[in-house]
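Chains A and B are the protein sequences, given in the same order. Under the UniProt record's numbering, the residue at position 220 of the first sequence is numbered 220, and the numbers go up by one with no gaps. Under the UniProt record's numbering, the residue at position 221 of the second sequence is numbered 221, and the numbers go up by one with no gaps.
Source of the hints: derived by calculation from the structure; they are not laboratory data. It is possible that some hints are incorrect.
Stated by the list, open to error - When the alpha-carbon atoms are kept at most 20 angstroms apart in a straight line, the in silico SDA-like pairs for lysine to any residue are as follows: (1) Lys22(A) x Asn76(B); (2) Lys234(B) x Phe159(A); (3) Lys234(B) x Asp110(A); (4) Lys45(B) x Lys107(A); (5) Lys45(B) x Tyr4(A); (6) Lys107(A) x Glu68(B); (7) Lys234(A) x Asn76(B); (8) Lys181(A) x Gln178(B); (9) Lys22(A) x Lys71(A); (10) Lys70(A) x Ile170(B); (11) Lys234(B) x Lys71(A); (12) Lys22(A) x Ile170(B); (13) Lys22(B) x Lys70(A); (14) Lys22(A) x Val108(B); (15) Lys234(B) x Gln25(A); (16) Lys70(B) x Lys70(A).
Quick caveat, the model's predicted, so the values are computed rather than measured.
There are 2 protein chains.
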Amino acid sequence: MLKYQYVAGKIKQLIYQQQLPKGTQLANIDGLINQYQVSRSTIVKALNCLERQGVIYQVQGSGIFVRERKKRGYLNFLQSHGFTVDLDDTYGVSKVLNVDLIKPNSKVKDNLQCDDEEDVYFIKRLRYVDGKLYGLEQSYYRKKLINYLNKEIVENSIFSYIQDNYNINIGFSDKYFQVIKLDAETAQYLGLQAGEPALCVEEVFYTTAGEPFDFSTIIYHYENARFCIQNHSK
Amino acid sequence: MLKYQYVAGKIKQLIYQQQLPKGTQLANIDGLINQYQVSRSTIVKALNCLERQGVIYQVQGSGIFVRERKKRGYLNFLQSHGFTVDLDDTYGVSKVLNVDLIKPNSKVKDNLQCDDEEDVYFIKRLRYVDGKLYGLEQSYYRKKLINYLNKEIVENSIFSYIQDNYNINIGFSDKYFQVIKLDAETAQYLGLQAGEPALCVEEVFYTTAGEPFDFSTIIYHYENARFCIQNHSK
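Based on the sequences and whatever the hints tell you, model everything.
Below, the structure is given as structure tokens:
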């Protein structure tokens, strides 16, 4: 973790632990430099990071203020796979349906920019938050980049595992989504009827070096999954 | 427009006009300084801006590369109201259903942080892209901040008008969304049946000074509206 990320985490923790209400003014930059004993550029980076995360906003010539916190029960739609939740929310759990090593079909090949011969892990999981079924996730990972996965690993956060074991970090992603009517098979997984609505999200994740490593489709349960984006225009 | 935004626009224009394929390496920072005759910090800001927009990615120690462009026909979900489209896409048009000055109900008051006595403009529009109906939008603007709106103004971009006439810029927004089944009235507006699916997006927009000025709800047509987010982890 970089120093500015550490400081950003500390400031965020302070805001949430003290439950500072929206509009609360934080110390100015000099105050924060003094408080955290880091350089000006580290503080500036940390503040920009928190601004992008929707935790604070900076008003030029006026100060640094706390934003309204995301309402509970809404998934942060910009976090990886939509299942990363905030500090005091409970974490999601997974029921793993399968972990298979397969040859990719043409859609997977296109999205992962791989060839016919390349092996990919195919993982199917039901995702739960607070005991509620949020969605069915089907993911493809390139074996070339992530050499080993098994049921035990994918019961937990795959991204944490990948980061820790293969030093692969998410650089960016392309997320495409639309509302659909469920087919009979998917409906059954979600405990719904065919024809009922769902949000279908397809996402390709790239490493910081720009290489696609994960192509995932999540079908979200329309009653259980609700979403939030705390956007910033900068 | 700030200098870095101008330079970012120029680089983006170049990438799109020349249709540079994904993975194309751009000139390095020194090359770009030379090309655009601006300072290093302006180039760095412009590149970070393009990175956040999903146009490029920067690989440390390696270079600056073009990302895959958003597929056509998908709305950029992070842009204002979801109807801002890219350079060579066609722009959305609106059919205005009403523009009324009203007293806010309690939901609107909560979202806009205003009191009972404050007047708000209530605007209802059907939004079209490429001649297709994408959604029904219902927006509330605080008269205190945006003193005058009429039918002619809201047929076009309200945000451009507000920016030009009141010098109000979007600082940030809170976007909450979920999949719903349509009620009979909304279904009729969208040319669909009651009970059919839709994406319902509620968003509060704040000025750069942190004041809420617009609360909007958009119900998107599930067959016509599809979305994209080109996310970046930084």
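For the pair we were handed, lysine 22(A) and lysine 71(A), check the Cα-Cα distance against 20 angstroms. Measuring from Cα to Cα gives roughly 12 angstroms; hence the hint holds.
Is the hinted pair lysine 234(B) and phenylalanine 159(A) satisfied, with a Cα-Cα distance of at most 20 angstroms? Within the cut-off at roughly 16 angstroms; holds.
Can the restraint linking lysine 22(A) and asparagine 76(B) be considered satisfied, given a maximum Cα separation of 20 angstroms? At roughly 28 angstroms apart (the allowed maximum being 20 angstroms), asparagine 76(B) and lysine 22(A) break the hint.
Satisfaction of hint between glutamine 178(B) and lysine 181(A), Cα-Cα up to 20 angstroms: At roughly 14 angstroms apart (the allowed maximum being 20 angstroms), glutamine 178(B) and lysine 181(A) satisfy the hint.
Mind checking the alpha carbons of lysine 45(B) and lysine 107(A) for me, to see if they're no more than 20 angstroms apart? 36 angstroms, violated
Holds or violated: lysine 70(B) with lysine 70(A), Cα cutoff 20 angstroms? 28 angstroms, violated
Is lysine 107(A) close enough to glutamate 68(B), meaning Cα to Cα at most 20 angstroms? 16 angstroms, holds
Tell me if the straight-line CA distance from lysine 70(A) to isoleucine 170(B) falls inside 20 angstroms. 19 angstroms, holds
Lysine 45(B) and tyrosine 4(A) were given as a pair; does the straight-line alpha-carbon distance stay at or below 20 angstroms? Status holds; Cα separation ~18 angstroms.
With a cut-off of 20 angstroms on the C-alpha distance, tell me whether lysine 234(B) and glutamine 25(A) pass. 25 angstroms, violated
Does the alpha-carbon distance linking lysine 22(A) and isoleucine 170(B) stay inside the 20 angstroms limit? Holds: lysine 22(A) and isoleucine 170(B) sit about 18 angstroms apart, inside 20 angstroms.
Quick one, are lysine 234(A) and asparagine 76(B) close enough, alpha carbons at most 20 angstroms? Measuring from Cα to Cα gives roughly 16 angstroms; hence the hint holds.
When the structure is compared with the earlier hints, violations turn up for hints 1, 3, 4, 11, 13, 15 and 16 and for no others.
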